[in-house]
Amino acid sequence: MSILIRGGRVLDASANLDGVMDLLIDAGKIVSVGGDAAETACQREGSTLSTPLEVIDAHGLLVVPGLIDIHTHLREPGYEYKESIMSGSAAAVAGGFTAIACMANTNPVNDDAAVTKYILDKARAVGLVQVFPIGAVSVGLAGERLAEIGELNQAGVVGISDDGKSVMNSQLMRRALEYAGMFGLPVISHCEDTQLAAHGVMHEGRVSTELGLRGIPAQAEDIMVARDIALAELTGGRLHIAHVSTVGAARLVHDAKARGLCVTAEVTPHHLFLTDEAVRGYDPNTKMYPPLRTAADVEALRQALKDGTIDAIATDHAPHDLADKEVEFDQAPVGIIGLETSLPLTLRLVNEGVLTLTDAIAKLTWGPSQVLGLAKGTLQVGADADVTLIDTQTEYVVDRREFCSKSRNSPFHGWTLKGRAVMTLCAGKIVYSRGPERITSMSAPAGQRRTRGRRGRKSSGT
Amino acid sequence: MTFTRKDILGTQEMNASEITYLLDATESFLEVSTREVKKVPTLRGKTIINLFYEPSTRTRTSFEIAGKRLSADVINISNSSSSAAKGESLKDTALTLAAMAADVIVIRHPASGAPHFLAHHVPSAVINGGDGTHEHPTQALLDLFTIRQRKGALAGLRVSIVGDIAHSRVARSNIFAMRAMGMEVRVCGPASLLPMQVESLGVHACTDLDTALCDADIIMVLRLQLERQEKGLIPSLREYSQLYGLNLTRLAQAKPDVLIMHPGPINRGVEIAPEVAEGPYSLILDQVANGVALRMALLYLLTGGPGL
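Residue numbers (our numbering), protein chains in the order written: chain P, 1 to 462; chain S, 1 to 308.
These are computed hints drawn from the structure, not numbers from a lab. This one's a predicted model, so the numbers in the text were calculated from it and none came from an experiment. A couple of the hints might just be wrong.
Okay, the calculated beta carbon distance ranges per label pair [to be verified]:
#, chain 1, residue 1, chain 2, residue 2, range
1, P, 114, S, 120, 40 to 48 Å
2, P, 142, S, 100, 45 to 53 Å
3, P, 351, S, 210, 52 to 60 Å
Taking lysine-lysine pairs in the DSBU-like style, the calculated list, with each CA pair at most 35 Å apart, reads [said to hold, decoys possible]:
#, chain 1, residue 1, chain 2, residue 2
4, S, 151, S, 231
5, S, 91, P, 165
6, P, 165, S, 86
7, S, 38, S, 6
8, P, 165, P, 117
9, P, 165, S, 231
10, S, 39, S, 68
11, P, 122, P, 418
12, P, 257, P, 429
C-beta: ideal position from N, C-alpha, C; glycine also.
Please build the complete structure, drawing on both the sequences and the hints.
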């Protein structure tokens with residue numbers, strides 16, 4: 001397909017680009033960026049373009065590289081009642097994402113090539129986002145022996161992680177960092193000292209004392225972050241800290257980077273906005289790991305995003321069925337969904353003056369791409385035509401019944417947010433679109449512009 | 001003041017005037033339990049369900065007697081004999097009971113927040129009979145009533161709560177209510193049984209029993225919540241008893257007119273010696289007697305009885 005995206009404000013952190021200009025896409029790649037894109041299109045019209053040119057009117061919209069979420073749980077194979085690769089992909093494109101990485105805690109666990117291949121084939125068949133599987137560190141996530149990481153690498157994983165569980169055995173973590181390092185694969189660490197965290201359901205602090213809920217001290221995370229950084233130093237492996245949530249962890253990552261270690265980190269949108277006060281009322285949609293912490297932690301995480309300590313915003317999208325979540329707080333499974341609220345919440349950070357718009361978009365595009373070495377997150381000529389168009393002005397109220405995800409476990413239901421993705425293009429194909437018709441065809445004679453139908457419906461959730 | 005709450009979920013949300021109102025209401029019902037025919041027709045035709053997911057002697061019996069003395073129809077459901085044993089969820093149980101038009105559901109449950117969950121899903125009035133380690137509001141209210149009955153006024157009294165504070169819903173409910181009434185509260189126990197930032201609740205914390213006993217007007221002793229603890233919080237019951245057990249010798253440190261309370265059940269010889277539990281300064285059985293009257297008052301007010 002050939003598409004000219006016209007008149008939008010193009011923002012590309014990788015190229016230091018910020019301005020109103022056109023973008024030309026052809027055969028799944030970015031062909032031209034900047035003032036001459038429209039001219040190039042006209043010149044090529046009818047001769048070298050792969051199909052007749054479609055024009056997307058992007059006036060008033062932000063045009064950015066397709067968003068990337070490096071931490072999601074797609075639940076397939078094994079837990080399709082919570083989410084599938086299809087519904088997860090639909091949720092992703094509705095949220096403006098063109099690439100997502102999915103964790104290995106499926107059933108069966110993604111600890112071998114067969115499961116990796118299954119996921120890749122399924123994602124290809126669905127044809128919405130590009131899915132990058134993350135393989136397991138240990139066989140069956142049991143934390144005992146290494147999975148066949150070489151085979152997983154060949155099958156196409158972009159990193160390894162036992163996320164969902166913690167690698168408590170330091171010797172195993174050491175070996176994982178060494179071994180994965182051979183293939184340039186990052187080890188993504190879910191930092192939780194499970195004994196310290198023992199049966200905790202929220203952050204241990206003043207609020208947990210009042211609510212009579214067992215708490216997880218911040219140190220349960222900090223201890224493992226410190227351990228993993230020490231092991232990264234020992235082995236020279238690539239370490240990525242998942243879902244950082246504490247002052248202590250942010251400080252440790254900052255210091256590690258200052259010493260030149262190969263450590264990266266991500267944070268979830270919910271840890272940038274919610275504290276343990278949100279747990280009052282016992283809504284299980286406020287139960288996740290790591291738990292919601294204190295205002296001081298939120299502030300430290302925002303600062304860490306700002307100063308580059310944290311490289312990426314990643315949702316840890318964790319779908320859970322309504323029947324599973326709608327129980328007593330102690331019994332509820334941990335985790336919330338996030339693909340469809342990540343971008344608006346990130347934009348809220350801009351509106352609150354925490355990040356510049358360029359920085360915020362970078363944390364959702366270039367930053368995550370660099371962490372996993374994906375060669376995406378950019379609009380430079382020759383890059384994959386993954387593009388997201390964002391309306392930054394419209395306010396709306398989050399209604400979880402409209403989510404494309406199969407699951408509804410979000411604490412942001414009812415929030416008024418400003419800004420969202422209105423069109424998502426993956427590999428040069430429109431995979432999601434909402435709002436007024438923006439597409440016209442250039443090949444019609446002047447005065448007879450045809451409007452094409454919308455590509456890519458948002459699927460109706462249950 | 002008119003009583004407008006749909007549920008009684010905790011004392012944390014109550015202020016001094018509301019607590020005073022409830023204690024005053026309790027006075028009116030004390031007399032019924034002294035009659036030969038212990039019955040008034042006030043709640044005739046009302047349905048009260050005791051939904052107890054944890055064992056209980058005094059709370060459940062107290063609610064049952066309170067309901068029956070008010071002429072209500074009282075049904076007891078325990079989780080072992082209900083479909084909860086077949087895995088039925090709390091939500092479905094709640095919807096089922098609501099469909100049978102229960103006027104009041106009294107719930108005791110091992111998960112903190114369970115009564116809030118229930119109240120969210122049913123139109124019935126919900127009374128928290130103890131949720132996990134969170135609150136046990138009716139216990140705190142009857143405790144305050146008992147203190148007021150003996151001491152006349154509450155403000156300015158010094159209370160020391162001794163024991164497993166971290167896992168005690170009785171401690172929390174009492175702390176919230178006592179602070180609202182202007183009482184001074186000290187909590188005492190081993191460091192591993194004092195919850196994080198407990199002083200943010202407005203109490204003083206100490207780990208030495210003698211300090212807690214000194215100058216206290218009331219000593220409230222708590223049971224070690226062995227069923228709620230992980231292993232290893234204290235080295236042994238023997239050590240706990242030596243350091244924190246209240247016996248006559250330790251009691252010599254306290255004021256001569258000190259009063260002893262315990263929500264029950266007691267572990268004789270562990271946190272409290274039998275001579276202390278049964279001695280002249282003990283209010284333990286008064287607590288039980290007052291509990292019935294307090295629960296009658298709450299049932300009456302929640303089912304819309306006109307102001308007393």
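Checked hints:
Taking 40 to 48 Å as the suggested C-beta distance range, the pair residue 114(P) and residue 120(S) conforms, at roughly 44 Å. For residue 142(P) paired with residue 100(S), a C-beta distance near 47 Å keeps the hint of 45 to 53 Å intact. One distance hint, 52 to 60 Å for the beta-carbon pair residue 351(P) and residue 210(S), holds here, with the actual separation near 57 Å. For the hint linking residue 151(S) to residue 231(S), the alpha-carbon distance of about 40 Å lies beyond 35 Å, and the restraint is violated.
Taken as a hint, the residue 91(S) and residue 165(P) pair is honoured in the structure, with Cα atoms around 29 Å apart against an allowance of 35 Å. For the hint linking residue 165(P) to residue 86(S), the alpha-carbon distance of about 30 Å falls within 35 Å, and the restraint holds. Proximity of residue 38(S) to residue 6(S) is assessed by CA-CA distance (about 27 Å); at most 35 Å being required, the pair is judged to hold. With a C-alpha separation of about 23 Å, the suggested pair residue 165(P) and residue 117(P) falls inside the 35 Å cut-off, and the hint holds.
For the suggested pair residue 165(P) and residue 231(S), the alpha carbons sit about 23 Å apart, so the restraint of at most 35 Å is met. The suggested pairing of residue 39(S) with residue 68(S) holds, with an alpha-carbon distance near 7 Å, which does not exceed 35 Å. For the given pair, residue 122(P) sits about 33 Å from residue 418(P) by alpha-carbon distance, which is consistent with the 35 Å threshold. Among the hinted pairs, residue 257(P) with residue 429(P) is inconsistent with the structure: their alpha-carbon atoms are about 38 Å apart, more than 35 Å.
Checked against the numbered hints above, the structure breaks hints 4 and 12 and satisfies the rest.
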